[in-house]
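Trainee: If you want the building blocks of each chain, they are given just below.
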Amino acid sequence: MHSKREWAWGYLLIAPMALGLAVFYLWPIAQTLYLSMTESGVFGGYTWVGTANFAELFGDEEMYGTLGNTMLYSVLVLAGVPLSIVVAALLNVPGLRGLSVYRTLYFLPVVTMPAAIGLTWSYLFNGEFGAINHLLGTIGIDGPYWLGDERFAIYAIAIVGIWSSIGYNAVLFLAGLQGIPRHFYEAAEIDGAGRMRQFFSITLPLLTPTTFFVIVITMINALQVFDLVYLMVDAGSPALAGSRTIVYLFYQTGFVQNQRGMAAAIAVILLALILVLTAIQFRLQKKWVHYE
Amino acid sequence: MRFRLTLAVLTALTAACGSSGTAGSSGDPSGSGKATISYAIWDKNDQASAEKIIAAFQQANPNVTVKLEITPWDQYWTKLQTAASGGAAPDVFWMNSLNVRMYAKGGILAPLDESKTQGLTPAVVDGYRYDGKLYGLPHNVGIPALWYDKKIFDDAGVAYPTADWTWDDVKTAAKKLTDPSKKQFGILAHMWDQGAFYPTMYQAGGEVISADGKKSGFDNPASIQGLEFWTSMIQEKVAPVAEVYADTDSITLFQSGKYGMFYGGAWLAATFAANPEVAERIDLVALPKGPAKEAVILLGLANAVSAKSEHPKEAAAFAEFVASEPAQKILADAGGGALSLREGTQDGWFKAFPNFHLKETYDASLPYGVPYPVSLNTAQWQDVQNKLLAEAWAGKRPVADVAKEIAAQMNEILAKE
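Line order of the protein sequences matches chains A and B. For the first sequence, position 124 (counting from the first letter as 1) is numbered 124 according to the UniProt record's numbering, and the numbering increases by one without interruption. For the second sequence, position 252 (counting from the first letter as 1) is numbered 252 according to the UniProt record's numbering, and the numbering increases by one without interruption.
Read the hints as simulated data drawn from the structure, not as lab findings. Some hints could be false.
[Said to hold, decoys possible] Label pairs and their in silico Cβ distance ranges: (1) A:16 / B:59: 50 to 58 Å; (2) B:257 / A:135: 22 to 30 Å; (3) A:136 / B:48: 43 to 51 Å; (4) A:151 / B:107: 41 to 49 Å; (5) A:110 / B:221: 40 to 48 Å; (6) B:44 / A:17: 35 to 43 Å; (7) A:135 / B:270: 32 to 40 Å; (8) B:221 / A:151: 26 to 34 Å; (9) A:52 / B:132: 28 to 36 Å; (10) A:46 / B:73: 39 to 47 Å; (11) B:114 / A:46: 32 to 40 Å.
A virtual CB, placed ideally from N, CA and C, is assigned to each residue, including glycine.
Make a model of the complete structure from these sequences and hints.
Mentor: In structure tokens, the structure reads:
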């Protein structure tokens, strides 16, 4: 059917994308793999050390601590996904007044600089003068040092993580909602199903492809969280042990301690973790995702 | 939205390792005509004085043009390291004693003329020696001092600190100044190396690192005593708990007028003088004496010259000029954060802040100067130190335990250097 000429055209057309991927993603990944097996000099120069970096990392308590923190953060942020569905459903109510105002408001965090978000929230979370503890105080609760106490810091950061992703996720869900044909709801109404029943029996199942996509993307992003931790938790803070994530450890190792080979090994572990968790999700999707 | 760090940095790492020493060989050979040299610094507050110094240098050396490049601190070292790896470091650049040995050993820095250090405080100059050679000409000095809130002292009827105060005087005063009903504390016990726990470690007779830079001093009982000076303040509730400094930096806290004493840099004079709330009510004095001796960590920035500079003579001449008397006077007269290093040039700076006893503090501190403790890869063990000390400051582990663990890990790191 297809002539050689057509094949050639096909390759030509994907060439820009493929080339970009190869140069900016695949080649760096290969380089990082190589780097992770070396010990680097501060100003270049690499000595091959085999799997020594990985052995050291897997024997390091700190590494497990950061893995735990990262997983906890990811789970917390994933737990915020239903919130996005609710927001999207509310934003989709026909005839809601000021709809575009709400949509803009929910989307605002997405277009705000992470630095501004981190700074503003650290003021809100301030243990002495913060608005959050002030509010808690009015109902008689003595709020903790959110960002100074290792028991609370990761939760505080996750709250910000959820807050700043709701808008983006809601837009995706909104698109998913609008893709559900109206006639399903009309049929359900004739059968006597109420609003709630419709939501659980039509909306949620038909939204599962979007939900799947959102969960995968949210998890990949959450596993890579760095900026919020860097901005909200001080480098010498007692809370750092409880809030340091994998990428933060990567940053500290590679750019503060100048151990680039070790940092590359951390990046490789993170890459493997993301690949495995994403593969598991793709496996599990058969059980719960409904494609129309 | 979220930082796509992994991929971004993968690329950065690749870029950093892919480059090799291919410094351009074009341009004028030095001496034959005009030369342009680059000068990299990180502090925007020093821009005005640096521009004046450059103008003065160019006037004296009409064939040389100096191009000032300001890179904020957060990116300065990453940028410098990448540039240096590629053989493209600026001709002259700011260096601190934390990094100088690493850069010197890496062959990035050109050795400088020893004779130009005359009149520069030895404790600061010593920080820039490596392997018997000088790799940076320091031009300023930071003196940690004891700032105090006169109003809080007056209200509590406590006499102001003097230059001959000891640790015990600090502790006694801290107790008297603390008033829980007003949420007022006698002192701030922020976890700060240069001005707080390093000096107290030395004041107790301990050390951070051995003189040869091969062994940690953290497990020395005297060093531990120096650290306990701070944690005991928190335990006795005369200083706020560790979490407080994580939320609000100590400089801001001190200016809120609820803390009697504060170990802070004399360089904060510019910041405090600009705040009308505190400018009149605070003052400073040299650090109190410890059980063993007086000690204050002096840390100054230096100008280093790239070993790969195309204009090594001009670059060295400029670095020397910044440390020379006329340039040092320009720096001092600018009345910024930085105090010039050359003895006899600081009057302009002292006079810029007449409210504070800066000259007295300077005179009382200088004889007891100790260089900032460093090794080859200082940042690596400092990271360990900060991580572990945070646990002691938070009261989760006894200082002695933590200090011994720091020493063990630090010795391991030092052994690899």
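Trainee: That 35 to 43 Å hint for residue 44 (chain B) and residue 17 (chain A) (C-beta), does it hold up?
Mentor: 41 Å, holds
Trainee: Go ahead and decide if the range 26 to 34 Å is satisfied by the Cβ distance of residue 221 (chain B) to residue 151 (chain A).
Mentor: Given a distance of about 32 Å, which is inside 26 to 34 Å, the answer is holds.
Trainee: Can you let me know if the beta-carbon spacing of residue 151 (chain A) and residue 107 (chain B) is within 41 to 49 Å?
Mentor: The hint (41 to 49 Å, Cβ to Cβ) holds, given that residue 151 (chain A) and residue 107 (chain B) are roughly 47 Å apart.
Trainee: If I claimed the Cβ atoms of residue 114 (chain B) and residue 46 (chain A) lie 32 to 40 Å apart, would that claim hold in this structure?
Mentor: Roughly 35 Å apart at Cβ, these two residues keep to the hinted range, so it holds.
Trainee: So does residue 16 (chain A) sit 50 to 58 Å from residue 59 (chain B), Cβ to Cβ?
Mentor: For residue 16 (chain A) and residue 59 (chain B) the Cβ distance comes to about 54 Å; the hint holds.
Trainee: Is it true that residue 52 (chain A) and residue 132 (chain B) lie within 28 to 36 Å of each other by Cβ?
Mentor: 34 Å, holds
Trainee: Is the gap between the beta carbons of residue 136 (chain A) and residue 48 (chain B) within 43 to 51 Å?
Mentor: Holds - the Cβ-Cβ distance for residue 136 (chain A) and residue 48 (chain B), about 46 Å, lies within 43 to 51 Å.
Trainee: Given a hinted range of 22 to 30 Å, is it respected by the beta-carbon distance of residue 257 (chain B) and residue 135 (chain A)?
Mentor: Since the Cβ atoms of residue 257 (chain B) and residue 135 (chain A) sit about 25 Å apart, the hinted range of 22 to 30 Å holds.
Trainee: In this structure, is the beta-carbon distance linking residue 110 (chain A) and residue 221 (chain B) contained in 40 to 48 Å?
Mentor: Given range 40 to 48 Å: violated, Cβ gap about 55 Å.
Trainee: CB of residue 135 (chain A) to CB of residue 270 (chain B), is that within 32 to 40 Å?
Mentor: Distance hint for residue 135 (chain A), residue 270 (chain B) holds at roughly 37 Å.
Trainee: For the hint 39 to 47 Å, verify it against the beta carbon of residue 46 (chain A) and that of residue 73 (chain B).
Mentor: Check failed, 28 Å falls outside 39 to 47 Å.
Violation of the numbered hints given earlier is confined to hints 5, 10; the remaining hints are satisfied by the structure.
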